[in-house]
Amino acid sequence: MQIQNLPLASSGQLHPLAQDYLQNPSSISEYFNFAPTMEGMAEAIKSRKNFHVNRQVLIERLESQYLKMNPDFYSDPENIPTAKNMEVLIQENTFTITTGHQLNIFSGPLYFIYKIISAISYAEALKKQFPEYNFVPVYWMASEDHDFEEINHIHLFGKTMKWEAASGGPVGRMEPIPSSPLKGEQEGADSPFRGLGGLLDQLGELISRQPEGQYLLELFTKAYTTHPTLALATRYFVHELFKKDGLVIIDADDAQLKKQLIPILKEDIFSQKFYPKITETKTKLEAKYSSLPVNPRNINVFYLGENFRTRIIQTESGYRADNLKEWTELELLTELNAHPENFSPNVVLRPMYQETILPNLAYIGGNNEIAYWLELKSAFDSQNVFFPQLLVRDSALFIGKKFAKDMDAFKLNASDLFQPMAELKKAFYKLNELRNPAEDSIEALMQQYETLKSDAQKLSSDIAAQIVKQSNEHQK
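Start counting the sequence shown at 523; every next residue gets the next number (our numbering).
FYI, nobody ran anything at the bench for these hints, they're computed from the structure. Beta carbons: idealized from backbone N, C-alpha and C, even for Gly. Do not take every clue at face value.
As the list claims (entries may be wrong) - Computed cross-link-like contacts, DSS-like style, restricted to lysine-lysine with a CA-CA straight-line distance of at most 27 Å:
no.: 1; residue 1: K681; residue 2: K923
no.: 2; residue 1: K923; residue 2: K899
no.: 3; residue 1: K590; residue 2: K765
no.: 4; residue 1: K952; residue 2: K923
no.: 5; residue 1: K933; residue 2: K952
no.: 6; residue 1: K924; residue 2: K948
As the list claims (entries may be wrong) - Per label pair, the in silico range of CB-to-CB distance:
no.: 7; residue 1: Q724; residue 2: K948; range: 39 to 47 Å
no.: 8; residue 1: A860; residue 2: F925; range: 30 to 38 Å
no.: 9; residue 1: P599; residue 2: E808; range: 51 to 59 Å
no.: 10; residue 1: N845; residue 2: S643; range: 43 to 51 Å
The task is simple: from the sequences and hints, build the whole structure.
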């Protein structure tokens, strides 16, 4: 296999703000703390030491989550790399490198995997650069996300497989294989609401004869049929894929972890401090970069339950969560303190949650994620929360043998594929010493223009002569 490395900034696929962050960071320096370089990371390490993280609670909750996935987790030697990485998190010279993604079924689009590989790769590179520190790659599961339509399908070999189910709550709490009939469904009925069982059969038909296909089919089957929630099933198959690399997986839908977020949730709900700060930043950036991904709200917190995740809205008499519940300010404060697990940060607050509970140095995200993180720095600063180094995930383009052969015949390389189509056509004709039909069209157009110009000049001369003639006639 031939491998060609290309800089992300040359791909032409980045959000303009992310593009500037990579190529011209000094032009937007007020929106981040650490440049996406090793020098920037050195500064991040030095700065991160000033921000406290409750490492003991973090380790306890991680251990609990892994034991819930597999009670024999610590007795399996294959799990040693991950277990060791969790263990060293207690040390002050240990930091995390984090990426996050939704719980797409069967892992979903390839960038789910690219993100995790990027975090692992960067952690390894940092260990070589800064051997006196430990760097732990972390996958943050977006288990509280309620946008089921974004994670319930997969496109594979020209076919789409879709999980049909009723959902409005956190996807991480859904059952991959429902343990009992849903409301209105007969026991034992053949229904699309039976979960992922039918999709596993479809997946088998598509991949069983592919390289590693049988392994993946068995992996997903065990994940979804032996774990009661989508979060645990996703943790299982992601861990199996990356356990040799020591990847640590965290589910932040956890009461003990959320206790640490209570001060920030209070500021957002009762003081609504973040909306004006982020809106001011967004307005300034959009003057140059047009549309940005994140739109902050006055309150950026959801009320969370098994089958719902709904916005909290301020009313004249207090607060409400749609038609589910109403509170006075004191009642809401009381529930928040007693049951933080009932509250969920939205996309604006989730990054602050991450940096509050993890000793994190860098976040690796997709194109739009980097753009929206850059909107948030003023909110982080207002709460004295560490703002990490930001990195765009790595990506890959697989070119089949037949297509690669055609590219060689046409004298094109991988970097050419990222050019705008018009530029690619020009390069193709130039490299192959061919005449571009577009040039013939332009040449014909220019000939028409010259003819029209000549006719116009002749007409103008005729008109001028007529004017002189009429003028002379009039003078007689």
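How the hints compare with the structure:
1. For the given pair, K681 sits about 22 Å from K923 by alpha-carbon distance, which is consistent with the 27 Å threshold.
2. For the hint pairing K923 with K899, the CA-to-CA distance comes to about 45 Å; that exceeds 27 Å, so the pair is violated.
3. The straight-line distance between the Cα atoms of K590 and K765 is roughly 17 Å, inside the 27 Å bound, and the hint therefore holds.
4. Taken as a hint, the K952 and K923 pair is honoured in the structure, with Cα atoms around 24 Å apart against an allowance of 27 Å.
5. At roughly 10 Å between alpha-carbon atoms, K933 and K952 fall within 27 Å of each other, so this suggested pair holds.
6. Simply put, K924 and K948 have alpha-carbon atoms about 23 Å apart, close enough for the 27 Å limit, and the pair holds.
7. Restraint check, Q724 to K948: a C-beta distance of roughly 44 Å satisfies the suggested window 39 to 47 Å.
8. Between A860 and F925 the C-beta distance comes to about 59 Å, which lies outside the given range of 30 to 38 Å.
9. Between P599 and E808 the beta carbons are some 53 Å apart, a value that agrees with the proposed interval 51 to 59 Å.
10. Checked against the hint of 43 to 51 Å, the C-beta distance between N845 and S643 comes to roughly 47 Å, which is consistent with it.
Figure legend: structure checked against the earlier numbered hints; hints not met, in rising order: 2 and 8.
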